[in-house]
Amino acid sequence: MHIVYPTSVSALLFAVGVYGVLARRNAILLLMSVELMLNAVNLNLVAFDVWWRDRLHGGQVLTLFTIVIAAAEVGLGLAIILLVYRNRSSVEVDRLRALGEDGTGAGAPDAARPPAPARDERDPSDRETAGRGNAGADAGRGDAGRETEEAAP
Amino acid sequence: MTGQDAVFLLLGAVAVGSGALCVTTRQIVHAALWLVVSFGALAGGYLVLTAEFVAWVQVLIYVGAVVVLLLFGIMLTRAPIGADADLDSGNRWIALGVALATAALLVTVMVLGFGGAHRPVDAGGGSADQLGASVFRTWVLPFEVLSVLLLASLVGAIVLSRSDIGARSDDGNGAEEGEG
Numbered sequence: 001m002h003i004v005y006p007t008s009v010s011a012l013l014f015a016v017g018v019y020g021v022l023a024r025r026n027a028i029l030l031l032m033s034v035e036l037m038l039n040a041v042n043l044n045l046v047a048f049d050v051w052w053r054d055r056l057h058g059g060q061v062l063t064l065f066t067i068v069i070a071a072a073e074v075g076l077g078l079a080i081i082l083l084v085y086r087n088r089s090s091v092e093v094d095r096l097r098a099l100g101e102d103g104t105g106a107g108a109p110d111a112a113r114p115p116a117p118a119r120d121e122r123d124p125s126d127r128e129t130a131g132r133g134n135a136g137a138d139a140g141r142g143d144a145g146r147e148t149e150e151a152a153p
Numbered sequence: 001m002t003g004q005d006a007v008f009l010l011l012g013a014v015a016v017g018s019g020a021l022c023v024t025t026r027q028i029v030h031a032a033l034w035l036v037v038s039f040g041a042l043a044g045g046y047l048v049l050t051a052e053f054v055a056w057v058q059v060l061i062y063v064g065a066v067v068v069l070l071l072f073g074i075m076l077t078r079a080p081i082g083a084d085a086d087l088d089s090g091n092r093w094i095a096l097g098v099a100l101a102t103a104a105l106l107v108t109v110m111v112l113g114f115g116g117a118h119r120p121v122d123a124g125g126g127s128a129d130q131l132g133a134s135v136f137r138t139w140v141l142p143f144e145v146l147s148v149l150l151l152a153s154l155v156g157a158i159v160l161s162r163s164d165i166g167a168r169s170d171d172g173n174g175a176e177e178g179e180g
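Chains B and A supply the protein sequences, listed in that same order. So for the first sequence, the working numbering puts the first residue at 1; every next one is plus one. So for the second sequence, the working numbering puts the first residue at 1; every next one is plus one.
Keep in mind the hints are simulated off the structure, nothing from the lab.
Just a sample of chain A residues kept apart from chain B, beta carbon distances all over 10 Å, derived: (1) Ile-81; (2) Gly-82; (3) Ala-83; (4) Asp-164; (5) Ile-165.
Partial list, computed: chain B residues near chain A (C-beta under 8 Å): (6) Arg-24; (7) Leu-29; (8) Ile-67.
Covered stretches of chain A, as calculated for chain B (at least 3 residues, CB under 8 Å): (9) 2-8; (10) 24-38; (11) 48-56; (12) 66-77; (13) 93-104; (14) 120-131; (15) 139-153.
Just so we're clear, the structure is a prediction, and the values are computed from it rather than from any experiment. Backbone N, C-alpha and C fix where the C-beta goes; we use that ideal spot for every residue, glycine too.
Let the hints inform the model, and build the full structure from the sequences given.
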């Protein structure tokens, strides 16, 4: 058995998982891609365990542990995704921007207001003035503080 | 190339191909079903690598439990059943570049490191009694820690899924926001 075949298959599978995590929008598809990456790691562990003829079977036992952890991760991940779906009616990770830098919260139910321009468009002096009102705005004052910031320039 | 190598390469091609279909298909249910094919082919690969117990655990947990759980999630989030052009985000080409770079890097490292290494693999190394002996002798402490982890994630999933409990009423209106 050439060891290069299992490891190459594992590397390709990992790359497929990387593509899925980066390119997909649906959170459940993201979980599936993470599972693909975990399986690539498992294949590596098993291949090297068999290859080195480990007397303690560390690789295969660690593979079993990884499978269990992956099952727990899927369970928790699905619980979180269902919670997000219940609150936001969407599981598209591109739209869950409530914690983003601009704070528009486009996936939130109160997303009717026009999107605020990105902070980078302002010059540094404006950022200084906005910084004073910003501490309160981040704590939840939200729209009012942001509107005055936008009106400053 | 021995017969073992050939069988493993075929199974690996099936696994990688169905994995690629899983991350590129336009129908979300088909993605879960391609995932079944990929995991099944990987279980076959474990069998070829003489890791029998891991192969059956893979079939039981991944093909049996994880994919069913993912299908439950797909149904509970009311995902569109038909073709949906909205499953891919805009950075698909960047993702493709990153994935190709990852694949090239890892395969190059593996080929350079283990290029012509060949060693016969004998059966019996991954049977249930050998793995059970090493789990309950050498690796018994991680095994117990893992059971605690499973319990914690079980409790966490239940707490996250229940809608009739939330933050305490005296520390703000977190519960009401959670319900909305």
